[in-house]
Amino acid sequence: MPPSESRPDSLPEGSVTGWVRLTKQGDDEAAHKLWDRYFQQVVQLAGRRIFGSPAAFDAEDVALSTFDGVIRAMREERLETFADRCELWRILRVNAVRRAA
Numbered sequence: 775m776p777p778s779e780s781r782p783d784s785l786p787e788g789s790v791t792g793w794v795r796l797t798k799q800g801d802d803e804a805a806h807k808l809w810d811r812y813f814q815q816v817v818q819l820a821g822r823r824i825f826g827s828p829a830a831f832d833a834e835d836v837a838l839s840t841f842d843g844v845i846r847a848m849r850e851e852r853l854e855t856f857a858d859r860c861e862l863w864r865i866l867r868v869n870a871v872r873r874a875a
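In the numbering used here, the protein residues as written are 775 to 875.
Hints in this document: simulated from the structure, not taken from any laboratory. Honestly, I wouldn't trust all of these hints.
[Unchecked claim] Straight-line alpha carbon distances no greater than 20 Å define the calculated EDC-like cross-link-like pairs of lysine to aspartate or glutamate that follow: (1) K798 - D835; (2) K798 - D832; (3) K798 - D810; (4) K798 - E861.
Using the sequences plus the hints, can you model the full thing?
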């Protein structure tokens with residue numbers, strides 16, 4: 775990989791696809807950028823799913839668990855088939871909904 779493509783800072787601003795690729799390679803900074811981009815959206819989604827249900831967890835717990843599981847799966851190459859922002863959001867959404875159920 776050319777040096778200009780090796781760090782999230784060298785990617786176009788908001789390049790989710792690049793951050794996904796780098797996160798799969800173990801780049802913590804890229805994973806943090808994905809977190810910054812999607813965490814609040816996952817919290818809001820989880821909050822809507824668990825609103826009014828007697829749960830021993832809250833929306834942030836669901837979002838934390840979701841991100842941990844998805845990032846771990848990416849790094850363990852269990853999620854090789856996706857590479858772009860739409861697929862990442864779908865995976866985050868499905869995982870959050872399942873965890874909030």
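I'd like to know which numbered hints this structure contradicts. Please list them from smallest to largest. The structure breaks hints 1 and 2; every other hint is satisfied.
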